Structure formats: structure tokens, C-alpha cells
Amino acid sequence: MITSDKVTNTGTRSVADIRKDFPILSREVHGKPLVYLDSTASSQKPSVVIDAMSTYYETYHANVHRGVYEISEEATAAMERARVKVARFINARHSKQVIFTRNTTESINLVAYSWGSTNIAAGDLILLTEMEHHSNLVPWQMLAQRTGARLEFIPITDDGLLQLDVYQQLLQQQPKLVAFTHMSNVLGTINPAQEMIAQAHAVGAIVLLDAAQSVPHLPVDVQALDVDFLCFSAHKMLGPTGIGILYGKRALLEAMPPYMGGGDMIRQVGLRESTWNDLPWKFEAGTPSIAEAIGLGAAVDYLHAIGMENALQHEQQITRYALEQLQAVPGLTIYGPDASRRGGIISFTLGDIHPHDLASILDQQAGVAVRAGHHCAQPLMERLGLAATARASFYVYTTEEEIDILVQGLHKAIQIFNL
Amino acid sequence: MSMDYRDYILDHYRNPRNYGKLENASAHAEDSNPLCGDQLGIDLLVEGDNVTQVRFKGRGCAISQASASMLSEMIEGRPVEEVVKLGKEDILDALGIPISPARTKCAFLCLRVLHRSLALAGLEKPQDDNDEDEE
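Protein chains in written order, with this note's numbering: chain A, 1 to 419; chain W, 1001 to 1135.
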């Protein structure tokens, strides 16, 4: 177990204390303590999340929204409580605006199909950016293919910031939709969402924000942002896999047709036609991920107790420390903006060592888990002239000692590859 | 399982043998690993019963590129009937190190491209390209 003597604090609790809540952080890999630096791909889970799901299965598992008996009512109440917690966490006006999906990808696809099919026509412009994850790119490509809409892209600078002057010009073409990431999963860039949303609204565009990396790591207030659609996943914010969230403005959601048909999403069903249930269930066909919703509720409680300002502050401190330490490693190149413009994500390459080899060495020699590859952002990698990078990412449980172990692992890689 | 980057693997990575393209190739194929982005193309010149020249071109990790380089050395000058029989064991023997399950796709990309090129040229039966389950 990593028991740092370098004291860092996340709000009122020390990181060492927080780490005790995560059972997996005490395991070893290859005979070394696990150093988990891949929370951007998926975060680890505290016991309270795991326990909340086990308790559901062990003591009140039943299907929701149907049973009139005790345990079904308990399950329904627990799931709907989770929805309220999520709504409060992002400061939604009403929990009806929180729709449970499978993940961020499904949330974006839901909007692309449902809103897209009734609002996008041939020749319409959809504005994206060069730094999108495939999940905020491919659904729009598919929508464009179905409808004949056009796609344009806000370019990035060499240090990974959006070119906002070009954005201004592109807005003059009056896009119907602007969809962009709040925080890049490759570069860590935090985009100025509030300003960009206001500018998009000024030309009449609807805005979808991919918040997969932002909601887990910084305070996000949908009303302050005035965002139309917000998409994120539970598993990146200490919750389970298999459940994602779509937040939408109520008038937009009310006007949208269902995405999938089936049970739970209907009001009345005839053989030839049906009427739709109210929000949010109109968009939740079939038995939902009940345990996962309950786990997500526990994760939200846990993050709320830490405080998202504290989480952000801790991660920025770790990121500054990591940038300093990594910059001192000979032959290492860091991609993305300076510490003031980024969250806890650092993509890098080391000499001519391919990132997959680097990740293998870090795993086997140092017990360090980092991501290697194109990070589901191939157009961005192409823009940067790279085939792949290694990526280290941080969360509330990351310590400076873990960064030191990463750096030791990098020196080991330098030695193995005779750099 | 610990993977060991031996010097000869790094040598093949940094100084790949038979690197490039053949203008007059009689067999060619290329492929990539969608997950990690390793890319590989192989050109073969077959004269009579033998593979007389081979060139490969690609980019990717040391394991994928060194495997391709080593495979190219096994191929050149050998009878087609022997080349079609080359398989995973031959690559693992050449690498001489344990390959962790996540990296087998890197090591075997060159085999997949080789056999595809031979199949496209009608020199062997097309193989089922479905990924096998990891052993």
C-alpha cells in the first residue's frame, strides 16, 4: 500500500485517509504496490459504492417501477433517490432532467438520434472540435450521413487549446448544434465552456457538452453553464460501469421523440400505437441498471462529502507536481497546455520508446498502470502528428509518492531502451 | 509474466531488416491493430517455388516491429510451402521472451499480414481472420 509521508490533503481529509476507502489500492501487481494512474479511463471505487450495490442485491433486489410490494418499492425509491442526488450534484432544476443511459457514448447517441432526427436536416451545420473523443465524433458523423448535415471543426493550437477566434468565425455560419468536450481526455485541456456556450446561444445553436472528464473532477453547474445537453459516465466518477447520464433542458427533452421503445417508456400501449411516458422514463426503455444507479448515488454522496472544489484543487496540485517531475526526465515530451489550463491528465512520449512498450515496462517494473495508445481520439493524434502517447491521469486518491514511482519507472525504461 | 526487452529485440526495432517496399511485389497485404494502432504492410516477391525478396513497412511498438523484422528474415529465400506453415510458435521462438496476453496481438500482427498476403496472391488457403480467443 502507498502510505505517503508527503502530506497532501483533499479538503478536510488526507489523501492517505481517502485511499483507505478504496480496497483495490492496497493490492499489488508484479510484487509491487499498485500505482493506478488511469482514472481517466475508469476510476476506482470506494467501499461505500461497492457496499451500496451489494446491499441492494442482498436485501432489496427487485425490479423497479412495477411491483406494488415492499422490496420493489424500496428499489424504486433507492433508484429515484440516486437520480435526485445526481440532479443536485450538477445543479439541475429537476431530477426529471436526469436520464440514465449506459454511458457517455449512449447519452450522446441518444441526442444524435432523438434530437438529431427532428432538428437536423440536409445542409445544416454541426460544429465539433479537433480534440473530441470518438464518442463525440462518430455519432455526429452518422447523423450527418443520415441527414446530409455538414460537420465543421474548431481547430486546436499546437499546445492543445481551442482556437477561439476560429470558433467565432465558424459561428457566423450559424450551426444548429455545437458539441464539444469540457475536458480533453488526451491533453487534459479544460475548455472555456461557459463562454463558448453563451456565444453558441447568441447565434441560435444548441450546445451539447461532453462532460465525461469534467463532472468527475471539477464543480459543474448546468444552470450556470446554461448548457442544453450534458453527458457523463458513472464509472469515471467513482461509480460503477454500465450507467451514464444525459442531462437536458426540459423543453428540449419534452419535445424529443423516444430513442428506444419497450417497457417502462410507455404510458399506454395499443397494438398499433402507443403514447410515451413522462420524463425521464420516456428515454429509459426496459429494466434499467438499478444496482448501478444506486452505486452512482453513493459515489455522488462520496464526492459531495469531499467537495468538488477540494477534488479539483488536489488534482491540480498533483498535476503541477507531476509536470515538474516529468519535465526533468530526459527525452520526455509532454503534450497539452500548461498547468493552469488543464485537469489531471498528462499525455507524454519518451524518446523512441513506443507508448505500448513504455506502458508494459511501467506495469512490470514499477506496478504503474498508465494508458497507451490513441485514447479514442485518432483525429487529435493525427493533428499532433503522433501515432500514440502514454497517458497518466490522477484522481482524489493520487499521491505525490505515486508520481515519484512513475518517474522511477520512466528511468528504468530509459535504461532498458538504452536511451 | 514479465516481458524482457532483450537487446536483439531493440536492435530489430531500431534497425529493422528488410524495411521498405517492393515495386514488383507478387504478394502484398497490410493491416493494423485497431486497439493500439500498430500498422504493418508486407511485400513479397515469389519466383518459382521460393520467396526471393521480402520488404515490410510499419509503425508501432518494439514488439510488433521487431516481430515483423524477424519474420522477414525467416521468409527470405525460403520455399513458399515452408513459409505458409509459419505460425505463432515461430514468432515466439524468435522473440525468445514471454509475451503478456495484452501484447500477443502486437507480436502476431506480422503473421496475420503475411498469411493474408499469401492468401490474396492465391498461394495459400485464406485463413479465418477472426481473432482467436487469447490462450
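Derived by calculation from the structure, the hints in this document are not laboratory data.
Bear in mind that the values here come from a model prediction, so they are computed numbers and not experimental data.
The reader is advised that the hints may include incorrect statements.
[Said to hold, decoys possible] Lysine-lysine pairs mimicking DSS-like chemistry, simulated, CA-CA at most 30 Å apart:
| no. | chain 1 | residue 1 | chain 2 | residue 2 |
| --- | --- | --- | --- | --- |
| 1 | W | 1105 | A | 412 |
| 2 | A | 176 | A | 412 |
| 3 | A | 85 | A | 96 |
| 4 | A | 176 | A | 249 |
| 5 | W | 1125 | W | 1057 |
| 6 | W | 1105 | A | 32 |
| 7 | W | 1057 | A | 412 |
| 8 | W | 1105 | W | 1057 |
Q: Check each numbered hint against the structure and report the violated ones by number, ascending.
A: The structure breaks only hint 2.
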